[in-house]
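**Student:** Listed below, chain by chain, are the residues.
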Amino acid sequence: MSSKYNKRTNDRKFDETRPIEAKAGVIKKADGSAMFRIGKTTAYAAVYGPRELHPKHMQDPKKGLLRCNYNMMPFSAEERVRPGPSRRSKEISMVTQKALLPVVNLEDYPNAVVDVFIELTETDSGSRCAGICAASIALADAGITMKDMVVSISTGIIDHQIVVDLDGEEEHITDLDVADIPIAMVPSTEEITLLQMDGKASKEELLKSIEEAKPVLKKIAETQRKALKEKYKG
Amino acid sequence: MTDGKLLVKDKDIVVPGEVLASGMGYLPGHGTYRDNDKIIANRLGLLTVDGKVLKTVPLAGRYMPKRNDVIIGKVIDILMSGWRLDTNSPYSAVLPLKDASFSYIAKGADLTRYFELDDYVVVKITSVTSQKLVDVTCKGPGLYKLKGGRIIQVNTHKVPRIIGKKGSMVSLIKKATDCKIIVGQNGITWVNGEPEMEVITVNAIKMIEEQSHISGLTDKVQAYLEKTTGKKIEIKIEE
Numbered sequence: 001m002s003s004k005y006n007k008r009t010n011d012r013k014f015d016e017t018r019p020i021e022a023k024a025g026v027i028k029k030a031d032g033s034a035m036f037r038i039g040k041t042t043a044y045a046a047v048y049g050p051r052e053l054h055p056k057h058m059q060d061p062k063k064g065l066l067r068c069n070y071n072m073m074p075f076s077a078e079e080r081v082r083p084g085p086s087r088r089s090k091e092i093s094m095v096t097q098k099a100l101l102p103v104v105n106l107e108d109y110p111n112a113v114v115d116v117f118i119e120l121t122e123t124d125s126g127s128r129c130a131g132i133c134a135a136s137i138a139l140a141d142a143g144i145t146m147k148d149m150v151v152s153i154s155t156g157i158i159d160h161q162i163v164v165d166l167d168g169e170e171e172h173i174t175d176l177d178v179a180d181i182p183i184a185m186v187p188s189t190e191e192i193t194l195l196q197m198d199g200k201a202s203k204e205e206l207l208k209s210i211e212e213a214k215p216v217l218k219k220i221a222e223t224q225r226k227a228l229k230e231k232y233k234g
Numbered sequence: 235m236t237d238g239k240l241l242v243k244d245k246d247i248v249v250p251g252e253v254l255a256s257g258m259g260y261l262p263g264h265g266t267y268r269d270n271d272k273i274i275a276n277r278l279g280l281l282t283v284d285g286k287v288l289k290t291v292p293l294a295g296r297y298m299p300k301r302n303d304v305i306i307g308k309v310i311d312i313l314m315s316g317w318r319l320d321t322n323s324p325y326s327a328v329l330p331l332k333d334a335s336f337s338y339i340a341k342g343a344d345l346t347r348y349f350e351l352d353d354y355v356v357v358k359i360t361s362v363t364s365q366k367l368v369d370v371t372c373k374g375p376g377l378y379k380l381k382g383g384r385i386i387q388v389n390t391h392k393v394p395r396i397i398g399k400k401g402s403m404v405s406l407i408k409k410a411t412d413c414k415i416i417v418g419q420n421g422i423t424w425v426n427g428e429p430e431m432e433v434i435t436v437n438a439i440k441m442i443e444e445q446s447h448i449s450g451l452t453d454k455v456q457a458y459l460e461k462t463t464g465k466k467i468e469i470k471i472e473e
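Top to bottom, those sequences are chains A and B. Residue numbering for the first sequence follows our numbering, beginning at 1 and increasing consecutively. Residue numbering for the second sequence follows our numbering, beginning at 235 and increasing consecutively.
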């Protein structure tokens, strides 16, 4: 099937991401922190803890709790984002937590809590993926024991053509069918920890887009590791 | 599957998820785990190869209570039969009556006579359960309530560097400033002396904390101390 979308509006290759920049230890007061920038989307993550969990009834003697909080700054998008939790930010906080849970060894911290705060200073689509990438660097930077670092990217299907890392412009194409598919993966086991879809795509296209995202995700995982090592280089 | 192959070098910085070795020739130690025939790091740290065992020394993270550690705790609550101490970790510790003082404390006695809220106490951890319930004792040499001085917090993973080999670094500072210094394993540090000297001590400790990775740090700290105190320090080399 030939696609009408044979050249990307931003001149990228179909499997090419926007430029990525990652840095660990950007917030001094936090136990661990990181910045993750992909194109015009920037996420900052700060990790506090493990620390004592209050209220006490939320404590779990078997394992610790991972609390994630996703927040867009009021000036991060073209239209002012009303401060405070919204239906959207609550949902993204929840999926971020679920995306990170499979790798974090929470059994090491019974009755305690690890707090992850993700703030987005500028957003141009793919913000939840940038948030997850930043959060996993920050968790590692905080010395939390974890099996691996989760990586995330959004893939898209524009008129049957699979493209990696949609930007704002592509997301808003109206004359073609656009599907936006954020994916998070554990690189060592290729376990998918987040998969959402917004738009229209066939089953085959969806499965194919996951396969195509895998090599890209592994490349991002390298960037994350480099960011952590950079901090201790001397 | 007899030989193991090391994929990273000794003393490298490793990050979670990094494959350290393949094959069955190596064993996973602290901060690593085995996944089939691979050994993978599960926290950020410095890799140490100890014979066949691979382990990582953590570089970041909160203090985790460990048995026999000497720490400085702060009294946060007074219980029926003891005190609850904040340990600068996710878990608070209990100082039971029988481990608080050499003298007998009768039941129902006024416990604030021994330790008051917000007091700082040097204690030793006697036990940590799987649920991280921590018991401490105040009976033993060098374990007592702190009076006067000031408290600073340092990174718990830099404590060995501040103490130095056989206490060389901390005794250097003590000698230069005539301050009493106690560094708890949990990073809480107590400094007591002349006010000006306390400030110099705090600055010296902060300097060690920030530049802990630099070699020849002792000379640098000594130069700083000599400059600020105006005293010449002679270190005896004891072996």
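Warning: the hint list may mix true and false statements.
Facing chain A, from chain B, some residues (calculated, C-beta under 8 Å) [to be verified]:
hint : residue
1    : 245
2    : 249
3    : 250
4    : 251
5    : 252
6    : 278
7    : 285
8    : 287
9    : 291
10   : 293
11   : 294
12   : 341
13   : 361
14   : 371
15   : 374
If you're looking for bench data, these hints aren't it; they were derived computationally from the structure. Since we're looking at a predicted model, the values are computed, not measured. All C-beta atoms in this analysis are idealised placements derived from N, C-alpha and C, irrespective of residue type, glycine included.
**Student:** Each hint: holds or not?
**Tutor:** A quick look at each hint next to the structure:
no.: 1; hint: 245; result: violated, 11 Å
no.: 2; hint: 249; result: holds, 5 Å
no.: 3; hint: 250; result: holds, 5 Å
no.: 4; hint: 251; result: holds, 3 Å
no.: 5; hint: 252; result: holds, 7 Å
no.: 6; hint: 278; result: holds, 5 Å
no.: 7; hint: 285; result: violated, 23 Å
no.: 8; hint: 287; result: violated, 17 Å
no.: 9; hint: 291; result: violated, 11 Å
no.: 10; hint: 293; result: holds, 6 Å
no.: 11; hint: 294; result: holds, 4 Å
no.: 12; hint: 341; result: violated, 27 Å
no.: 13; hint: 361; result: violated, 16 Å
no.: 14; hint: 371; result: violated, 22 Å
no.: 15; hint: 374; result: violated, 27 Å
Comparing the model with each earlier hint shows violations of hints 1, 7, 8, 9, 12, 13, 14 and 15; every other hint is respected.
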